[in-house]
Each structure stands twice: as structure tokens, then as C-alpha cells.
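Enquirer: Chains as they are written, first to last, in the working numbering: chain A, 1 to 111; chain B, 1001 to 1113.
Hint data in this document are derived by calculation from the structure and do not stem from the laboratory. All of these numbers come straight from a predicted model, not from anything done at the bench. Even for Gly, the Cβ is constructed at its ideal location relative to N, Cα and C. Each hint should be verified, as a subset may be incorrect.
If we take Cβ atoms under 7 Å as the criterion, some of the chain A residues that face chain B in the derived model are [stated by the list, open to error]:
#1 Gly16
#2 Leu45
#3 Phe101
Simulated pairs of lysine to any residue, SDA-like, Cα-Cα distance not exceeding 25 Å [said to hold, decoys possible]:
#4 A:Lys98 to B:Leu1041
#5 B:Lys1003 to B:Phe1020
#6 A:Lys98 to B:Val1012
#7 B:Lys1055 to A:Tyr97
#8 B:Lys1057 to A:Ser26
#9 B:Lys1003 to A:Lys70
#10 B:Lys1057 to A:Lys108
#11 B:Lys1003 to A:Arg36
#12 A:Lys98 to B:Lys1055
#13 A:Lys98 to B:Arg1109
#14 A:Lys98 to B:Arg1068
#15 A:Lys98 to B:Arg1073
#16 A:Lys56 to B:Glu1101
#17 A:Lys57 to A:Thr103
#18 A:Lys98 to B:Glu1017
#19 B:Lys1057 to A:Thr96
#20 B:Lys1055 to A:Lys57
#21 A:Lys57 to B:Asp1059
#22 A:Lys70 to B:Glu1069
#23 A:Lys98 to B:Gly1016
#24 A:Lys108 to B:Glu1069
#25 B:Lys1071 to A:Glu41
#26 B:Lys1057 to A:Asp67
#27 A:Lys98 to B:Thr1015
#28 A:Lys98 to A:Ser26
#29 A:Lys70 to B:Lys1070
#30 B:Lys1070 to A:Tyr97
Facing chain A, a subset of chain B residues (Cβ under 10 Å, in silico) [unchecked claim]:
#31 Gln1006
#32 Leu1011
#33 Lys1013
#34 Lys1053
#35 Glu1056
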Amino acid sequence: TQLLEQSPQFLSIQEGENLTVYCNSSSVFSSLQWYRQEPGEGPVLLVTVVTGGEVKKLKRLTFQFGDARKDSSLHITAAQPGDTGLYLCAGHTSGTYKYIFGTGTRLKVLA
Amino acid sequence: DVKVTQSSRYLVKRTGEKVFLECVQDMDHENMFWYRQDPGLGLRLIYFSYDVKMKEKGDIPEGYSVSREKKERFSLILESASTNQTSMYLCASSLFRNTGELFFGEGSRLTVL
């Protein structure tokens, strides 16, 4: 069974701090997605990475796909209260319909 | 705007009741999914459908069934609800078979007493 472990599980930081969330697996994925879920809402896609070593930036968020396509990280610079939410990584294997979701990182940014 | 709509945001049912969760998407997507979300476990796939009347079991199909009679509608059925099915249920759709973005509904929180 493919598993995606995220760390940390919970993170509470002050506005302006930097943070990194990790998503690790022993399996190789064709692509990896990051979603953010706010309370009372469904997850919303932030980014998809498909190439080993790929780095994508979305304003203050930087996403990296590991060289071996088994892991990924999300770095947030100068966190803001609007970044508060549940961050989920999801791995996909080519030829299947399945997305394997990580266990989630719940981030709270305090003003 | 793309939209996935789940019919009920909150439901409370009793053990043994039959439960229907409805999901409608307006994007003409081929693929639709039902996930269950529990704290610390992430999202786990219950069933998915890649075409009308086609369905495939996900990782945790036991106790659930699905129906897809029309392209835009995907229903999750709990034939006899049990307390361990208390959870948040998320419906999603996607256009592409591989690497496509999943569009989620707002979720249906089911409590089984």
C-alpha cells in the first residue's frame, strides 16, 4: 500500500515566520499535487509538480519535488493569517486513477 | 466558475438507516470520486467512476455503494449506516485521467448515532 507521510502534523506560528512542510513516501510518483483546505470547504489545488527536482513558486509559497519523485516540500515565506488551513499532498501514479493523499498538515498563523 | 455541489452539508442518521449522499458537477468531467476524510488519516478513496454506469472500488469500499446514472451526478450510498461511518465525505471530479486537478465539493459531514 502506498503511503504519504506529512510532517509536521500541526504547526502554529506567528505572522511573518517561515515554515516548511514535508511530504514523504517510499513510492515513486508520476506527479505530486499540493492542496489547501480551509474550514468548511473542500481542498483546492495549489500546484502540480511532475519532474524530479522541479521547483515551482506561487507568490510566497515554494514547492519542490524530490529528485527521485518520492518526496516533496512546501516552504512558506513570511506566513500570513490567510495561509491558515490544512495542507494536503497527493501523489499520482501514471496509468491509474488513484491519488494517494498525505495525512495533512494543519497550519495556524497567528496575527 | 467550476462547481461541485454536494446536496447535504450536515446529516445526522441512526444506525441501520440507509443514507444517500448526492454530488453534482457542472464541468462535464468524465471522472468522479468519493473520499472519506478523517483526522490524521488524510483522504481515503471509497469509489470512483470514469464514465456513466462505470465504477471502480477504491481503498475502503466496504459498507458503501455508488451510482452514476448521468455524467454529472455521482451518488454515494450507505446501505445500513454504522457509527464507524461517521465522517466527512468529499466528492471530487476531474477532467483528465492522469495528473488532472481534482475539484472538490464542500463536503458532507455525516454523524451516525
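Enquirer: Now look at each hint and say whether the structure bears it out.
Expert: Verification of the hints:
no., hint, result
1, Gly16, "28 Å, violated"
2, Leu45, "5 Å, holds"
3, Phe101, "4 Å, holds"
4, A:Lys98 to B:Leu1041, "16 Å, holds"
5, B:Lys1003 to B:Phe1020, "20 Å, holds"
6, A:Lys98 to B:Val1012, "30 Å, violated"
7, B:Lys1055 to A:Tyr97, "11 Å, holds"
8, B:Lys1057 to A:Ser26, "24 Å, holds"
9, B:Lys1003 to A:Lys70, "32 Å, violated"
10, B:Lys1057 to A:Lys108, "35 Å, violated"
11, B:Lys1003 to A:Arg36, "17 Å, holds"
12, A:Lys98 to B:Lys1055, "13 Å, holds"
13, A:Lys98 to B:Arg1109, "23 Å, holds"
14, A:Lys98 to B:Arg1068, "18 Å, holds"
15, A:Lys98 to B:Arg1073, "20 Å, holds"
16, A:Lys56 to B:Glu1101, "16 Å, holds"
17, A:Lys57 to A:Thr103, "23 Å, holds"
18, A:Lys98 to B:Glu1017, "30 Å, violated"
19, B:Lys1057 to A:Thr96, "12 Å, holds"
20, B:Lys1055 to A:Lys57, "36 Å, violated"
21, A:Lys57 to B:Asp1059, "32 Å, violated"
22, A:Lys70 to B:Glu1069, "38 Å, violated"
23, A:Lys98 to B:Gly1016, "30 Å, violated"
24, A:Lys108 to B:Glu1069, "41 Å, violated"
25, B:Lys1071 to A:Glu41, "23 Å, holds"
26, B:Lys1057 to A:Asp67, "32 Å, violated"
27, A:Lys98 to B:Thr1015, "30 Å, violated"
28, A:Lys98 to A:Ser26, "17 Å, holds"
29, A:Lys70 to B:Lys1070, "37 Å, violated"
30, B:Lys1070 to A:Tyr97, "20 Å, holds"
31, Gln1006, "8 Å, holds"
32, Leu1011, "15 Å, violated"
33, Lys1013, "20 Å, violated"
34, Lys1053, "16 Å, violated"
35, Glu1056, "7 Å, holds"
In terms of the numbered hints stated before, the structure departs from hints 1, 6, 9, 10, 18, 20, 21, 22, 23, 24, 26, 27, 29, 32, 33, 34, listed from lowest to highest.
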